[in-house]
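Trainee: For reference, the chains in residue letters:
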Amino acid sequence: MTTPLLMIARLGLRNLLRYRRRNAMLCLAVAIGLGTLLFASAFLRGWETSMREDAIDAFVGDLKVTSDAWLRDPVAEHGFTLPDDVALSLDSARVIWTTRLLLPAVIQSERETRGVQLAGIDPADEAHMSFVRKVVITGRALADADDTGLVLGRELARRLDTGEGKRVVLSLQDPHGRNREFGFRVVGIFDAEGTGMELAFALTGRAALQKKLDATDLQTEVSLRLPDPRAVHTWQQTLRDALPGLVVNRWEQLMPQISELIGFSNSAIWIWYAVLLTALAFGIANTFIAAVLERTRELGLMQVLGMKRSLIVLQVVIESMWIMVVGLALGVILGTFAVWYFSDGIDLSRWAAGAEMFGLRAVMVPRLVVADVQRAVVTMLLLGLAASLYPAWRAVRLNGLEALRGRT
Amino acid sequence: MKGENVVRTLALTRDYGDGAQRVRALDSVDFTVDKGEFVSLAGPSGSGKSTLLNLIGGLDTPTSGEVWVGDDCLTAKSAAELAHIRLHRIGFVFQAYNLLPVLSARENVEFVMQLQGVDATERRERADRMLDAVGLAALADRRPGDMSGGQQQRVAVARALVTEPLLLLADEPSANLDSETTESLLGLLRAMNERFATTIITATHDPIVMRYARRHIQLKDGRIVADDIGRPPV
Ligand SMILES: Nc1ncnc2c1ncn2[C@@H]1O[C@H](COP(=O)(O)OP(=O)(O)OP(=O)(O)O)[C@@H](O)[C@H]1O
Ligand SMILES: [Mg+2]
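Those sequence lines, one after another, are chains X and Y. Residue numbering for the first sequence follows numbering that gives the first Met the number 0, starting at 0 and increasing by one per position. Residue numbering for the second sequence follows numbering that gives the first Met the number 0, starting at 0 and increasing by one per position.
Derived from the structure by calculation, the hints contain no laboratory data. Predicted model only: the values in this text are computed from it and were never measured. Treat the hints with care, as some may be off.
[To be verified] List of simulated lysine to any residue pairs, SDA-like, C-alpha gap at most 25 angstroms: (1) X:307 to Y:67; (2) X:307 to Y:121; (3) Y:76 to X:393; (4) Y:76 to X:165; (5) X:307 to Y:60; (6) X:165 to Y:86; (7) X:307 to Y:206; (8) X:307 to Y:204; (9) X:165 to Y:113; (10) X:307 to Y:69; (11) Y:219 to Y:79; (12) X:307 to Y:219; (13) X:307 to Y:21; (14) X:210 to X:126; (15) Y:76 to X:3; (16) X:307 to X:384; (17) X:307 to Y:80; (18) X:307 to Y:142; (19) X:307 to Y:119; (20) X:211 to Y:142; (21) X:165 to Y:142; (22) Y:219 to X:3; (23) Y:76 to X:392; (24) X:210 to X:253; (25) X:307 to Y:79; (26) X:133 to Y:64; (27) X:307 to Y:116; (28) Y:76 to X:296; (29) X:165 to X:121; (30) Y:34 to Y:15; (31) X:210 to X:81; (32) Y:76 to X:123; (33) X:211 to X:123; (34) X:307 to Y:74; (35) X:165 to Y:79.
[Stated by the list, open to error] Here chain X is said to cover these stretches of chain Y; the calculated rule only asks that three of the stretch's residues, wherever they fall, bring their Cβ under 8 angstroms from a Cβ of chain X: (36) 70 to 82; (37) 95 to 103; (38) 109 to 115; (39) 171 to 182.
Glycine included, C-beta positions come from ideal geometry on N, C-alpha and C.
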């Protein structure tokens, strides 16, 4: 029966126009509520993403192979050599991977002494996987794995009061447990946007470092980036089988605090949703209920004239849903616009002097996740449905006559 | 049951409230109305006029007894079935709030036909014809808010009659009207009654309304105390 549907559509539209102002306000409230909700969750998602990326980029990777002993005591003695057949199978499997020689060292300039992780890397590999690919370098970058130069973080260089072209001395243990000292020339300074990387790592060529230590092919870790992160468990198992005696960890296992923090952020999003939605739901329900009560007489008249209760309820619900749909559409546009507007990143440094401590980058890029949008829109639609269904049902539950007389 | 009876009640009783507050609004009323009758229900306030009309209109359920409208015994019907009977067989005119405020006069008249599923062309034609008959052709596009009380009542009559119902129920249709407007509204009802042989039952205090009716029933304390079948109109 299309006629009654057309009729209730017309009635609905007329009623929407009749309370133009109120309905426009309600639409706006829904739009602003949803827009804020989406932007805030995009902000949290952005933070989450940068946390995860930074964690993975901190010489971790989706998966990392080390010796068990190195995890407890990361010294050269606990290094290993990756068997050729495993290296070959990694190459043929189209994953991005590299090996590193990561050793704790003491770095000394003419003025200062500090602890640092000396990282022997292959810059060609790192160009695809770690924070090294993102840093801005003054001076020159490492040319290849045989490069004997040293690249320091800006903050470390500042604290050591050293710079490009100067010499520093690094003391470390060789694989036989002997203390050795090596002179390095600082060839470049990297800027990692103030993240901890600048203080944590000093970079040099992997082969050059191996040569200095007389330990060809010695490495302390193999690090992998997977094209599809969902395959991480399969890869973990494959590598464990291929490399008995070594341990294979996912990034979450290596950085449990960060993974927990992200889990916490997820719950924060849920709580945020719940709070905002509850507030909105009350507002919407209140308005819808008031709007229906105001029209009890009309609804009673419809019932008296022989309109089916279900059709009356449908009419009221369709009316409310129009407001919800328009408001939600505006809200999605609003939220998306805000996220787009800030797509170059929000500069947090002005407000959050200590932001870096929490792993926050100075610039945060909000990220809108489709599932978040869906979840918010569906929840709000359901809330709107309930908030209009309830008073409509109450109104028609009255006998039409009582309603017509204005009893509630 | 006699075929021409449009309305028939059997020991119709309606109580309101419980216990000490119990009020017998209608007390075992038996009466019948035949096709084409124009009946007025009179009686003091609280005598049960509205209660009786509402029971006949399927808007209320009796405490005991039966109401028949045509071949349907309303007492045994569900809410949905009663709605269907109201939609197809009964027209209503109330004292006030007869019209949907967002619809024009014409759309209000079309409303019930729309619920019945009458197609658009026919609906429009019938609505215009009926608005013409109640003298409101010129105001077809106005909304109730822009019409006088008398005009609104005329639209309500047009709406009630356009579906050619078996029965028209009017509860104090003139309560908000001046005597001149009442005369013209009742003239209209009377004309409709004669033209379409529509059965009309109206509850009223208004002597003008009673003057236009052909049969006069007096209620008191929920009982019929007088019924002047056969008495010619004044
Ligand atoms: N919904 C109700 N709840 C309780 N009592 C009611 C209700 N409706 C009517 N009554 C009572 O039933 C009795 C009859 O009421 P009814 O409305 O039928 O009288 P009436 O003849 O139409 O009066 P009036 O001329 O004032 O309209 C009255 O005593 C009234 O108080
Ligand atoms: Mg009454």
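Trainee: All the hints need checking, so say for each whether the structure fits it.
Mentor: Going down the list of hints, with the structure as the test:
1. X:307 to Y:67: Since the Cα atoms of residue 307 of chain X and residue 67 of chain Y sit roughly 21 angstroms apart, the hinted pair holds (cutoff 25 angstroms).
2. X:307 to Y:121: 22 angstroms, holds
3. Y:76 to X:393: Within the cut-off at roughly 22 angstroms; holds.
4. Y:76 to X:165: Violated: residue 76 of chain Y and residue 165 of chain X sit about 100 angstroms apart, past 25 angstroms.
5. X:307 to Y:60: Status holds; Cα separation ~18 angstroms.
6. X:165 to Y:86: 97 angstroms, violated
7. X:307 to Y:206: Violated. Residue 307 of chain X to residue 206 of chain Y sits at ~37 angstroms, over the 25 angstroms cutoff.
8. X:307 to Y:204: 33 angstroms, violated
9. X:165 to Y:113: 91 angstroms, violated
10. X:307 to Y:69: With a Cα-Cα distance of about 21 angstroms, the restraint between residue 307 of chain X and residue 69 of chain Y holds, given a limit of 25 angstroms.
11. Y:219 to Y:79: 32 angstroms, violated
12. X:307 to Y:219: Since the Cα atoms of residue 307 of chain X and residue 219 of chain Y sit roughly 35 angstroms apart, the hinted pair is violated (cutoff 25 angstroms).
13. X:307 to Y:21: Violated. Residue 307 of chain X to residue 21 of chain Y sits at ~32 angstroms, over the 25 angstroms cutoff.
14. X:210 to X:126: The given pair, whose Cα atoms are some 23 angstroms apart, holds under the 25 angstroms limit.
15. Y:76 to X:3: Holds: residue 76 of chain Y and residue 3 of chain X sit about 23 angstroms apart, inside 25 angstroms.
16. X:307 to X:384: Distance ~19 angstroms between residue 307 of chain X and residue 384 of chain X Cα, so the pair holds.
17. X:307 to Y:80: It holds: about 9 angstroms lies between the C-alpha atoms, which stays within 25 angstroms.
18. X:307 to Y:142: 24 angstroms, holds
19. X:307 to Y:119: 20 angstroms, holds
20. X:211 to Y:142: 96 angstroms, violated
21. X:165 to Y:142: With a Cα-Cα distance of about 90 angstroms, the restraint between residue 165 of chain X and residue 142 of chain Y is violated, given a limit of 25 angstroms.
22. Y:219 to X:3: Violated, at about 42 angstroms.
23. Y:76 to X:392: 21 angstroms, holds
24. X:210 to X:253: 29 angstroms, violated
25. X:307 to Y:79: 7 angstroms, holds
26. X:133 to Y:64: Roughly 89 angstroms separates the two Cα atoms, so the pair is violated.
27. X:307 to Y:116: 13 angstroms, holds
28. Y:76 to X:296: 24 angstroms, holds
29. X:165 to X:121: Between residue 165 of chain X and residue 121 of chain X the Cα gap is close to 23 angstroms, so the pair holds against 25 angstroms.
30. Y:34 to Y:15: 31 angstroms, violated
31. X:210 to X:81: 17 angstroms, holds
32. Y:76 to X:123: Violated - the C-alpha atoms of residue 123 of chain X and residue 76 of chain Y are around 85 angstroms apart, more than 25 angstroms.
33. X:211 to X:123: Roughly 20 angstroms between the alpha carbons, so the hint for residue 211 of chain X and residue 123 of chain X holds.
34. X:307 to Y:74: 19 angstroms, holds
35. X:165 to Y:79: 93 angstroms, violated
36. 70 to 82: That given contact holds, which follows from 3 residues of the region 70 to 82 of chain Y lying within Cβ reach (below 8 angstroms) of chain X.
37. 95 to 103: holds (count 7)
38. 109 to 115: holds (count 4)
39. 171 to 182: Since three or more residues must qualify, the claim that chain X covers the region 171 to 182 of chain Y is violated, with 0 doing so at under 8 angstroms.
Hints 4, 6, 7, 8, 9, 11, 12, 13, 20, 21, 22, 24, 26, 30, 32, 35 and 39 from the list above are not met by this structure, while the remaining hints are.
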